[in-house]
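Visitor: Sequence:
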Amino acid sequence: VKYNGSGNVVIPKAIDGVVIKKIGDNAFNGLKIDNVVIPDSIVSIGNYAFSNNNLKYLNIPESVLEIGEAAFMNNLLSKIDK
1 VKYNGSGNVV IPKAIDGVVI KKIGDNAFNG LKIDNVVIPD SIVSIGNYAF SNNNLKYLNI
61 PESVLEIGEA AFMNNLLSKI DK
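Residue 1 is where the sequence shown starts when you use this note's numbering, and the numbers rise one by one after that.
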């Protein structure tokens, strides 16, 4: 599923009863996102998944085991929590 919005994003734990475990490559690349909430169901974040946005703060859940190449490149990040 490709997201086409901007601003603040809350990724759900499930869509139509299917648990979301991965954020795919380029899923949110270049969409002018300011804030994202990543659920604790996510285990993998793909390459360039959140690149080229306006993220300033990020909280990565303990469930995330893999973060792809340049997943958060070209943002305004000043703080990352895990």
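None of these hints come from the bench; they were simulated from the model. Just to be clear, a hint being listed does not mean it is correct.
As the list claims (entries may be wrong) - Derived lysine-lysine pairs resembling DSS-like cross-links, with alpha carbons at most 25 Å apart:
hint, residue 1, residue 2
1, K21, K82
2, K22, K32
3, K22, K56
Visitor: It remains to establish, for every hint, whether it holds in the given structure.
Guide: Right, here's what the structure says about each hint:
Annotation: proposed proximity of K21 to K82 holds, straight-line Cα distance about 17 Å (limit 25 Å). Restraint check for K22 and K32: satisfied, since their Cα atoms lie roughly 21 Å apart, inside the 25 Å limit. Pair hint K22 plus K56 holds up; C-alpha atoms about 22 Å apart against a cutoff of 25 Å.
Of the numbered hints given earlier, the model fails none.
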